[in-house]
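*Asks:* Please build the complete structure, drawing on both the sequences and the hints.
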Amino acid sequence: MSHVFSKRSNSLPLQIVIYLFVLGGTVTAAVTYYCTPKYLRVGYAPVQPVPYDHSLHAGQLGLDCRYCHSNVDQSGFANLPTAQTCMNCHKLVKPQSPLLAIVRASFESGAPVPWVRFTRRRITFTSTMRFT
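The sequence shown: position 13 = 203 (this note's numbering), numbered continuously.
In case anyone wonders, no lab produced these hints; they're calculated from the structure.
Quick reminder that beta carbons are idealized off the backbone N, C-alpha and C, glycines included.
A few of these clues could be false.
Label pairs and their computed distance ranges (CB to CB) [stated by the list, open to error]: (1) Cys279 / Val212: 28 to 34 Å; (2) Gly266 / Leu204: 16 to 22 Å; (3) Thr226 / Asn261: 27 to 33 Å; (4) Gly266 / Thr218: 18 to 24 Å; (5) Tyr257 / Ala235: 19 to 25 Å; (6) Thr218 / Gln286: 47 to 53 Å; (7) Ser287 / Gly215: 20 to 26 Å; (8) Gly215 / Gln286: 51 to 57 Å.
*Replies:* Next comes the structure, spelled out in structure tokens:
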């Protein structure tokens with residue numbers, strides 16, 4: 191009687207299971223590595239006139255993002271906070287810090303803080319220059 195399948199074909203189910211296991215492990219490792227915030231938080235970060243750390247204000251201090259970016263619920267982008275918003279807290283917290291000199295000057299003069307806007311589509315400077 192002739193053999194339809196060779197004896198080697200008996201090991202085929204085991205080879206498929208091993209292949210799927212290795213493939214699943216590779217996909218899991220790739221997703222775990224490439225979808226982490228450390229990997230994704232790269233790219234252009236404009237130099238701002240006032241050094242601001244979101245991880246301090248929104249992270250450690252627990253401020254709601256909507257406190258500074260009040261229009262984010264109704265808009266497709268987060269508005270830039272005014273000097274009044276910053277000074278609500280910084281009248282009491284670090285009021286004489288040299289890092290906040292621009293915010294204090296803006297608050298006293300009524301002129302906006304010259305934040306550098308950044309979106310994924312364009313870079314817009316809040317001064318007279320605009321790049322679209």
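*Asks:* Are the hints correct? Go through all of them and say.
*Replies:* Against the structure, the hints come out as follows:
Evaluation of the 28 to 34 Å hint for Cys279 and Val212 yields a failure: the beta carbon distance comes to about 53 Å. Taken as a hint, the range 16 to 22 Å is violated for the pair Gly266 and Leu204, whose Cβ atoms sit roughly 53 Å apart. Taken as a hint, the range 27 to 33 Å holds for the pair Thr226 and Asn261, whose Cβ atoms sit roughly 30 Å apart. Taking the beta carbon of each, Gly266 and Thr218 are about 34 Å apart, not inside 18 to 24 Å as hinted.
Separation of Tyr257 from Ala235 is about 22 Å and conforms to the stated range, judged on CB atoms against 19 to 25 Å. Taking 47 to 53 Å as the suggested C-beta distance range, the pair Thr218 and Gln286 conforms, at roughly 52 Å. Distance hint for Ser287 and Gly215: a CB-CB separation of about 50 Å, inconsistent with the stated range 20 to 26 Å. Taking 51 to 57 Å as the suggested C-beta distance range, the pair Gly215 and Gln286 conforms, at roughly 56 Å.
Violated hints for the displayed structure, listed by number in ascending order: 1, 2, 4, 7.
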